[in-house]
Amino acid sequence: MTNQSDMTNYLQTFVEGMISSGVEQAVISPGSRSTPLALLLHRQEKIETFIEVDERSAAFFALGLSKTSLKPVVLLCTSGTAAANYYPAICEANASHIPLIILTTDRPHELRQVGAPQAMDQFHLFQSHVKEFIEMAIPEGTKTMLDYAYWQGMRATDTACQIPKGPIHLNFPLREPLLPDLDRTLIIEKATEILVGKKQLSEEQLLECVDAWQEKKGVLVIGGSHTPKEAEVFIKLAETLNWPIISDPLANITSCGKTSPLIMNYADLFIQEVEMSQRPEVVVRFGMLPISKNTMFWLQSLDDATTIYFVDETGDWQDQLKQTQVAIQAEEQTFARAIIEKVKVKTVDSWCNQWIDWQLTTEQQLNELSDMNTLNETTASILVHKKMAENGQLFVSNSNAIRFLDRFSTAEANHYQLFGNRGINGIDGIVSTALGMCATNPERQNVLLIGDLAMYHDMNGLLLAKRYNLPLTIVLLNNNGGGIFSFLSQRQLEVADFEPIFGTPIDLDFSLVAQLYNAKYIKAESLEQLALLLDATQKQPKFQIIEVVGDRQENVQLYEKVVAGLKEKFGKNK
Numbered sequence: 001m002t003n004q005s006d007m008t009n010y011l012q013t014f015v016e017g018m019i020s021s022g023v024e025q026a027v028i029s030p031g032s033r034s035t036p037l038a039l040l041l042h043r044q045e046k047i048e049t050f051i052e053v054d055e056r057s058a059a060f061f062a063l064g065l066s067k068t069s070l071k072p073v074v075l076l077c078t079s080g081t082a083a084a085n086y087y088p089a090i091c092e093a094n095a096s097h098i099p100l101i102i103l104t105t106d107r108p109h110e111l112r113q114v115g116a117p118q119a120m121d122q123f124h125l126f127q128s129h130v131k132e133f134i135e136m137a138i139p140e141g142t143k144t145m146l147d148y149a150y151w152q153g154m155r156a157t158d159t160a161c162q163i164p165k166g167p168i169h170l171n172f173p174l175r176e177p178l179l180p181d182l183d184r185t186l187i188i189e190k191a192t193e194i195l196v197g198k199k200q201l202s203e204e205q206l207l208e209c210v211d212a213w214q215e216k217k218g219v220l221v222i223g224g225s226h227t228p229k230e231a232e233v234f235i236k237l238a239e240t241l242n243w244p245i246i247s248d249p250l251a252n253i254t255s256c257g258k259t260s261p262l263i264m265n266y267a268d269l270f271i272q273e274v275e276m277s278q279r280p281e282v283v284v285r286f287g288m289l290p291i292s293k294n295t296m297f298w299l300q301s302l303d304d305a306t307t308i309y310f311v312d313e314t315g316d317w318q319d320q321l322k323q324t325q326v327a328i329q330a331e332e333q334t335f336a337r338a339i340i341e342k343v344k345v346k347t348v349d350s351w352c353n354q355w356i357d358w359q360l361t362t363e364q365q366l367n368e369l370s371d372m373n374t375l376n377e378t379t380a381s382i383l384v385h386k387k388m389a390e391n392g393q394l395f396v397s398n399s400n401a402i403r404f405l406d407r408f409s410t411a412e413a414n415h416y417q418l419f420g421n422r423g424i425n426g427i428d429g430i431v432s433t434a435l436g437m438c439a440t441n442p443e444r445q446n447v448l449l450i451g452d453l454a455m456y457h458d459m460n461g462l463l464l465a466k467r468y469n470l471p472l473t474i475v476l477l478n479n480n481g482g483g484i485f486s487f488l489s490q491r492q493l494e495v496a497d498f499e500p501i502f503g504t505p506i507d508l509d510f511s512l513v514a515q516l517y518n519a520k521y522i523k524a525e526s527l528e529q530l531a532l533l534l535d536a537t538q539k540q541p542k543f544q545i546i547e548v549v550g551d552r553q554e555n556v557q558l559y560e561k562v563v564a565g566l567k568e569k570f571g572k573n574k
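Reading the sequence shown from the start, the letters are residues 1 to 574 in the numbering used here.
Possibly wrong hints are sitting among the right ones.
SDA-like mimics (lysine to any residue), calculated; alpha carbons at most 20 Å apart, straight line [claimed, not checked]: (1) Lys217 x Lys236; (2) Lys293 x Leu70; (3) Lys346 x Ser260; (4) Lys258 x Arg337; (5) Lys217 x Leu262; (6) Lys520 x Val549; (7) Lys190 x Ile484; (8) Lys165 x Ile328; (9) Lys190 x Gly141; (10) Lys46 x Leu70.
Calculated from the structure, these hints are not laboratory results.
With the sequences and hints as input, model every part of the structure.
In structure tokens, the structure reads:
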């Protein structure tokens with residue numbers, strides 16, 4: 001046996017271990033030290049591979065693949081700063097519980113800390129942002145080491161997929177020569193079955209929750225990312241208890257295709273403006289807090305008369321308000337379904353009716369505003385939501401875009417899935433993550449709703465759309481800068497301070513960006529035109545940029561009109 005054949009058998013066996021635990025896709029950023037793993041992954045018929053030369057874009061693309069497929073995805077790069085460019089996406093994957101398998105290749109130990117080129121310290125490179133770090137052994141061809149390689153591939157992938165899910169980092173020291181023996185077949189072929197159970201409460205614990213909840217005045221608060229199917233279970237739980245339900249946009253409560261008067265889609269607008277004659281006796285939270293700050297302020301205002309339950313399937317205690325009185329560490333869907341089966345008595349209608357009245361009053365206020373009938377960033381965002389096709393996929397950027405959907409989206413009958421990167425809430429990598437979403441189901445309608453700064457931040461990712469013919473429709477909300485800051489306290493600054501530091505105009509012609517990456521470009525001039533363009537994406541998906549030119553102050557003024565009208569209608573400050 002030669003070093004080349006030993007390395008080939010070792011790495012092939014490792015790849016087989018990953019496959020046994022569910023790996024089907026890999027994103028490769030080319031380089032020299034990663035040559036053997038890159039070639040073996042690329043030639044593996046059971047793994048679909050994508051090539052992206054920009055490591056930051058590659059990592060977010062892998063994030064989008066995993067986020068959409070709900071399966072582990074492999075990331076591979078060479079040694080040196082290549083791996084450092086993975087960092088932002090790995091931070092997001094860790095915070096949002098996405099199972100990425102990061103394979104970095106490295107100089108062997110004898111070339112470390114001796115001045116060899118491209119030999120930066122990769123040991124624990126990602127620190128606490130990965131579930132586990134594994135320094136792989138130098139490849140050997142013995143049966144013991146082949147068993148070790150298979151075991152690490154299988155175990156690392158399975159660990160990434162265990163709740164709480166998250167990224168795993170494996171570092172491979174490899175000696176030259178780096179070309180594997182591509183004619184060699186595996187010496188050891190294995191297949192391992194992994195049976196996984198669910199974390200759930202006992203019958204006694206379930207009945208304790210039911211007794212504490214049924215007939216009580218309660219509110220469901222749903223945070224985090226959920227599939228439309230999971231969202232339907234939460235809505236059924238709300239209807240079973242007869243409680244209002246407040247949710248994050250990524251929970252897909254307003255996009256799962258099920259409508260219900262108990263869905264408080266306008267909660268962010270009205271919850272701070274109403275006088276509650278009846279206060280909740282129980283609040284049950286699932287997952288992280290929703291994006292709405294007004295909902296957070298309302299929760300903070302609750303006193304000890306309200307019992308706060310926190311259902312945390314990750315066990316990570318992600319309760320930033322630290323109000324939890326009863327922590328439930330169980331798999332969310334299993335727990336919710338069990339409660340639905342056991343609740344026998346609903347809460348009286350008078351409790352939820354006041355919430356429904358607030359909803360209807362808010363809807364009336366929005367209908368009275370002429371601004372809601374003209375093209376602006378808010379109405380464009382609402383229209384994107386309404387025009388999503390059955391089983392379509394919408395990725396929404398951070399900052400203003402997701403807040404427009406949170407404040408103004410209605411629960412529609414169209415069934416689609418909404419995605420976003422809300423673990424760390426950054427604007428980097430949004431385009432690449434959305435393209436990963438698109439690559440998972442390219443035959444569906446795929447739309448990205450994004451602002452101009454986030455678009456600029458990840459323009460390199462557009463190369464993936466060009467290279468792999470990914471039919472992503474990008475609805476670009478262009479207010480020439482950081483529109484979110486116009487809603488924040490920084491807007492009190494003088495223009496000379498605000499514009500360069502927070503307004504940050506970039507003055508880009510995005511028609512030229514579209515031309516560079518072979519995307520179709522259209523500038524929407526009216527709501528009617530935008531509606532037609534979005535209708536067309538349902539029938540014939542294509543790679544295109546639809547630009548909606550907005551105005552930062554217009555966004556703020558519209559929001560302030562809505563809030564002022566609600567103050568008057570609810571009479572809180574009279």
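Could you tell me which of the hints above the structure violates, numbers in ascending order? As far as the earlier hints go, 2, 7 are violated by this structure, in ascending order.
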